[in-house]
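Put chain W on the given structure of chain V with help from the hints.
2 protein chains.
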Amino acid sequence: MRDFGSDLSAVALNTATLGHNMASAGAGWSPERTIDACAARGFGGIVFWRREIGDRAVQIGARARAAGVAVAGLCRAPFLVGPLAPPGRAAVMDEFRAAIDMAAALEAPVLTIVTGGVEPGTKGVTESLRLVADRVAEAAPYAAARDVWLALEPLNPVYGGDRSCLTTLRDALDLCDTIAAPNVGVAVDVYHVWWDTDLSRQLVRAGARILGLHLCDWLAETRDVLLDRGMMGEGVADIRAIRSATEAAGYAGPCEVEIFSAENWWKRDPADVLDVMVERVRTVC
Amino acid sequence: MRDFGSDLSAVALNTATLGHNMASAGAGWSPERTIDACAARGFGGIVFWRREIGDRAVQIGARARAAGVAVAGLCRAPFLVGPLAPPGRAAVMDEFRAAIDMAAALEAPVLTIVTGGVEPGTKGVTESLRLVADRVAEAAPYAAARDVWLALEPLNPVYGGDRSCLTTLRDALDLCDTIAAPNVGVAVDVYHVWWDTDLSRQLVRAGARILGLHLCDWLAETRDVLLDRGMMGEGVADIRAIRSATEAAGYAGPCEVEIFSAENWWKRDPADVLDVMVERVRTVC
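So the protein sequences, as listed, match chains V and W.
Take the first sequence: its letter number 62 is residue 62 in my numbering, and every next letter is one higher.
In short: position in the second sequence from 1, add 1000, done, that's my numbering.
For the record, the hints were derived by calculation from the structure and aren't laboratory data.
Any given hint might turn out to be false.
[Said to hold, decoys possible] Distance windows between CB atoms, simulated:
#1 W:1067 x V:90: 54 to 60 Å
#2 V:241 x W:1051: 34 to 40 Å
#3 W:1250 x V:90: 42 to 48 Å
#4 W:1127 x V:5: 22 to 28 Å
[Stated by the list, open to error] Covered by chain V, according to a simulated footprint, are these stretches of chain W (three or more residues, beta-carbon under 8 Å):
#5 1120–1129
#6 1159–1165
#7 1193–1201
#8 1212–1223
#9 1226–1238
Glycine residues also receive a C-beta, built at the ideal position from the N, C-alpha and C atoms.
With the rest of the complex left out, here is chain V (with noise of 0.2 Å):
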């Protein structure tokens, strides 16, 4: 297992541990800010989420890269289906292919896909992991011809109804098998496999999948599942044990930290967070 001891290149902020920092959240600082900050504290890698790029897409990659810092993703493709995707299927491939654009235009190597749920008129999510897959299919080409790699995200099941039929990483492997595209694979976030007793077995078959891997902690009394993660060390996920099975699985990219907490974390000086981050990221992961 890599060792974060002295080297934090391998160490990437998702911005939305601050609260994505934009004029209205967070506490409002600029992506160059924020890229900044990263650079200071000897991370390498930041990743955005759409909302905070607007139309600079190719300015602000190139500003990260010359502080030193990667884009190292883009969060995230649209809801593909479920009650919160965009309302049919081709608003949802302009959308999707709009993502991809301004992944390409970050230069970021990864954009992040959450599903979405069930389909409205279905039941389950036998038919709505099938439209995924057929989804991502037909985006993964013009993804692969902007060197962008697609990872499928499961989440938490409490989340299976609205935000993603996509709950395991076995199921998000068995997508990647379906889909058959080079530049598919997977991303693995704590909050949301911590649990899972499968993990390591699937981690194994994950292998060179792998395209991300998201450190946080799940609280034991969890108050809103959307918006109260815990810091890494606050709860009851074994990240160590998680980051040692990807790592041993073959992963070698970024660890990226991605913590919604919208009553404790987002209302604190951003770069306090940062630095609790970096001594938890030493310490517990």
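Same frame as chain V, now just chain W:
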């Protein structure tokens, strides 16, 4: 699959559906009034919670049978591990035995077990599941001597931290294999397993070890993961497919309707709730 069109003898009410109906909750119906309301609708069973029974277990059990309603089960054993368990192993086992005694006094064949979450001081679910296996194995002969079956109920992973380190039917059956007691099996609850693409396979594996099937629905937009369950037909679970697979695996026991719904169903007149339950059992289950 059994036909619920005219014969509801395989249907059971879990009294949680009526807000537990104690003096301080629900409409305040007595156990006797709830029993009679079930009998009037042709339900073959009722499942109580310990808090509703107090020291009247023998009396209430006899009253139910006299009305033609079986006490199909009792909810539930104490949390065996995790932050909400009684303090210390001795206290856990004392309360566990008391719950078994109450099930026996009711002549309820099944005591449901919700395991509890991650044991304080540990990370991940491995050690907690080991403790659960140890404690259930110790209690199993005590229960067998009183003709009580123990049903391990996996809960949705959203409860993994505090309420249930046991999150999948696969893990529940692995626990059964470890415990290897003839009176230990599993309970399958639509709310907790609807998202699991491995369910059909595990139901076949479970076979005669399926001791309960709980019906409700998962609302696509769930506002509160503890107390915002849907009535069958309101949500995205494929209830009919789950019941069909469960019965195909050999299950012939009660189908227990269990709906925690503080802001909707618990605010309605219990008689109306029971009438809707009848209609939904007939049409969407």
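Against chain V, does the stretch 1226–1238 of chain W show at least 3 residues with beta-carbon separation below 8 Å?
-> holds (count 4)
Residue 241 of chain V and residue 1051 of chain W, beta-carbon distance inside 34 to 40 Å?
-> Roughly 38 Å apart at Cβ, these two residues keep to the hinted range, so it holds.
Coverage of the stretch 1120–1129 of chain W by chain V (three or more Cβ within 8 Å) = holds (count 6)
For the stretch 1159–1165 of chain W, do three or more residues have a beta carbon lying closer than 8 Å to a beta carbon of chain V?
-> Per the Cβ count (4), the hint holds.
Range hint compliance [Cβ, residue 1067 of chain W to residue 90 of chain V, 54 to 60 Å] = holds (59 Å)
Within 8 Å of chain V (C-beta), three or more residues of the stretch 1193–1201 of chain W | Holds, because 5 residues of the stretch 1193–1201 of chain W bring their Cβ atoms closer than 8 Å to Cβ atoms of chain V.
Whether chain V covers the stretch 1212–1223 of chain W (at least 3 residues having a Cβ closer than 8 Å to its Cβ atoms) = holds (count 5)
Check the following: the C-beta atoms of residue 1127 of chain W and residue 5 of chain V are separated by a distance inside 22 to 28 Å.
-> Given a distance of about 27 Å, which is inside 22 to 28 Å, the answer is holds.
Quick one: are residue 1250 of chain W and residue 90 of chain V within 42 to 48 Å, going by C-beta?
-> Distance hint for residue 1250 of chain W, residue 90 of chain V holds at roughly 46 Å.
Comparing the model with each earlier hint shows no violations; every hint is respected.
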